[in-house]
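Each residue of the sequence shown is one higher than the last, beginning at 1 in my numbering.
Read the hints as simulated data drawn from the structure, not as lab findings. Source: prediction; values computed, not measured. Among these hints, one or two may not hold up.
Unchecked claim - Beta-carbon label-pair distances, calculated as ranges:
| hint | residue 1 | residue 2 | range |
| --- | --- | --- | --- |
| 1 | Ile15 | Phe56 | 32 to 40 angstroms |
| 2 | Ile34 | Phe11 | 27 to 35 angstroms |
| 3 | Phe56 | Ile8 | 22 to 30 angstroms |
| 4 | Leu17 | Leu62 | 13 to 21 angstroms |
| 5 | Phe61 | Gly32 | 13 to 21 angstroms |
| 6 | Lys45 | Phe68 | 13 to 21 angstroms |
Claimed, not checked - Below are the DSBU-like pairs computed for lysine-lysine, each with C-alpha atoms no more than 30 angstroms apart in a straight line:
| hint | residue 1 | residue 2 |
| --- | --- | --- |
| 7 | Lys29 | Lys48 |
| 8 | Lys37 | Lys48 |
| 9 | Lys37 | Lys25 |
| 10 | Lys25 | Lys45 |
| 11 | Lys9 | Lys29 |
| 12 | Lys25 | Lys2 |
| 13 | Lys9 | Lys37 |
We put the CB at the ideal spot given by N, CA and C, even for glycine.
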Amino acid sequence: MKRRKVRIKLFILFIVLSIMCFPVKYHYKDGGSISYKAILYSYTKYHKLEDDGSYFIDTEFLNFPFNFLK
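With the hints as extra help, turn the sequences into a complete structure.
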């Protein structure tokens with residue numbers, strides 16, 4: 001019986017961690033920037049049109065808890 005409870009707890013933990021890693025994709029209308037945000041991380045690929053007509057191209061990866069600070 002105790003072994004079954006441990007398996008159920010591990011299964012629930014696995015499901016919760018899987019959900020926390022699943023990203024949501026955001027598109028920005030600034031020239032093509034894309035951001036993937038999950039609870040445990042955030043990844044942003046910048047492709048931003050500047051005032052002078054050039055593009056700002058960069059990537060940013062933030063781990064938990066720093067992904068909530070920006």
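Distance restraint hint 13 to 21 angstroms, applied to the beta-carbon atoms of Lys45 and Phe68: Holds - the Cβ-Cβ distance for Lys45 and Phe68, about 19 angstroms, lies within 13 to 21 angstroms.
State, for the Cβ atoms of Leu17 and Leu62, whether the hinted interval 13 to 21 angstroms holds or is violated. holds, 18 angstroms
Is 27 to 35 angstroms a correct range for the gap between the Cβ atoms of Ile34 and Phe11? holds, 33 angstroms
13 to 21 angstroms was suggested as the range; check whether the CB atoms of Phe61 and Gly32 agree with it. holds, 18 angstroms
Decide if the proposed pair is consistent with the structure: Lys29 and Lys48, CA atoms, cutoff 30 angstroms inclusive. holds, 9 angstroms
So if I understand the rule, the pair passes when the alpha-carbon distance is 30 angstroms or less; does Lys25 with Lys2 pass? Violated - the C-alpha atoms of Lys2 and Lys25 are around 41 angstroms apart, more than 30 angstroms.
If you check the beta carbons of Phe56 and Ile8, does the distance land in 22 to 30 angstroms? violated, 49 angstroms
Take the C-alpha atoms of Lys37 and Lys48, compute the straight-line distance between them, and say whether it is at most 30 angstroms. holds, 18 angstroms
Taking 30 angstroms as the top limit, are the C-alpha atoms of Lys9 and Lys29 close enough? violated, 43 angstroms
Given the hint that Lys9 pairs with Lys37, test it: the Cα-Cα distance must not exceed 30 angstroms. Holds, at about 27 angstroms.
Would you mind confirming whether the straight-line C-alpha gap from Lys37 to Lys25 stays at or under 30 angstroms? holds, 7 angstroms
Restraint check for Lys25 with Lys45, where alpha carbons must lie at most 30 angstroms apart: holds, 11 angstroms
Going through the hint list in order, the structure does not satisfy hints 3, 11, 12.
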